[in-house]
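**Student:** As given, the protein sequences belong to chains G and F, one line each in that order. Under this note's numbering, the first residue of the first sequence is numbered 1, with each subsequent residue one higher. Under this note's numbering, the first residue of the second sequence is numbered 44, with each subsequent residue one higher.
Since no wrong hints were added, every one of them can be taken at face value.
Chain G is faced by these chain F residues, among others (derived, beta-carbon under 8 Å):
| # | residue |
| --- | --- |
| 1 | T52 |
| 2 | A55 |
| 3 | A56 |
| 4 | F58 |
| 5 | A59 |
| 6 | L62 |
| 7 | L63 |
| 8 | L66 |
| 9 | R182 |
| 10 | R205 |
| 11 | G208 |
| 12 | L209 |
| 13 | Y211 |
| 14 | F212 |
If you are wondering where the hints come from, they were derived from the structure by calculation, not from laboratory data. We put the beta carbon where it would ideally sit given N, CA and C, even for glycine.
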Amino acid sequence: MIPRPAIDKAVYVLVIVLSLIALALVLISPAELLDNKVIYQGF
Amino acid sequence: MMQPAFSSTRQAAAFAFLLLAVLLLPALAGKKILPPREQAYAALSWGSGPFPWVRHEIFEETGDIDIAFVGSSHIMHAVDTPYVQAQLSKRLGRPAVVRTLGWGGAGFDALYFITQDLLQHRRVRLLVIYNENNNVRMRNAQGPVWFRWREDAAALAGLPWREQGLYYFTAIVGMPRNLLCRLRPNIPAELVAAKPNYWESHYRTARMVDSLGASSSELGFNPGAPLYDDYTPFVPFAPHTGARPADVCIYPPATNGFEFSSQPLPAWQTHFARQLIALAREHNCRLVLLHIPTLDEAQSAVTEERNFWPEALGAEGVILGIPPAKLFGGLTDEEIRKLYLNTGHLNKNGVEHFTPLITPALLQIYDSPARH
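Chain G with its partners taken away, still in its complex shape (with noise of 0.2 Å):
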């Protein structure tokens, strides 16, 4: 049985590392991919 300090544990780093991974995706990607106006506009 995996006690439960250590579940709470590992969630919480894999909630960090998805962050960080997230934000790194963010970081090297260009505004233009990011900007809905440019994206998602409908004329």
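Since the structure of chain G is provided, determine the placement of chain F on it from the hints.
**Tutor:** Just chain F, lined up with the frame of chain G:
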């Protein structure tokens, strides 16, 4: 004291799961989940560029294309496509098919992926492109449309991991729309409507179906570009320059009239330029790099291109250009500005001056046997 981000471990786990799903979706979503590629184009309106025309030409229209001008706005605003089609028809003694497929935002990545879609559906005999030079940091905002990881990741092999990460992120951004297309199909924008569409009215150009995808804008020079749409009134102007079709230089064999510089292209640009050359070769499609003169080089006595091109195109490719000093010979700066809508794009005056000069050389290349 700051509130904790999550009220329980269960909530944190749910957030982690959501993040994991968002991050993994492009890698997991295969053909069964993604909508047909046609739907990616159908999601775009005239406000995003002439994508309804591009979609129509790739996915609806059938039959071979004799000459296709493909690329971003500079090539779309450079060539009078119906004129080239009429001249080629006259030469061939049959109705020729000449088309322009253009969009906003330069880059060889968009050119590669959109041309790939085109060549998978239609045979193109002569493909005319231009040097999709761009601000190094600018990327095509429509990447989430034409790049889907599971289908396109193979084309990234050899790119630095950071560039590959950028395209992965592009695919993540495109996923909501792709999934939505799967839930309910997009109805493509009308090609011909009672009112001019956004593109036609914004750029004051003929209907795309009549101009065969090209834009001949009745707009005067805009000194505030690209920040402001501050066009001066359009004044029809037919310049008398003494320029003749014989002034057009074709490389190879001619090297006079050209100056090849060692100015580098960004690595991602050369990567996709090489991919495009390989794609054209694979589809037995001749490639022509057309030099489109900008206002900044109007006084140049030579056609300036990068020395990357002769090496990358190899024996099969052709570079075509007219030295700007001949194209604009004898014109004042004020008169040259009457041919442009901004420093990089020709207006209707410029298109009508440029096209008849380069067309005989294009037809000559079309007729000549491919070198290998």
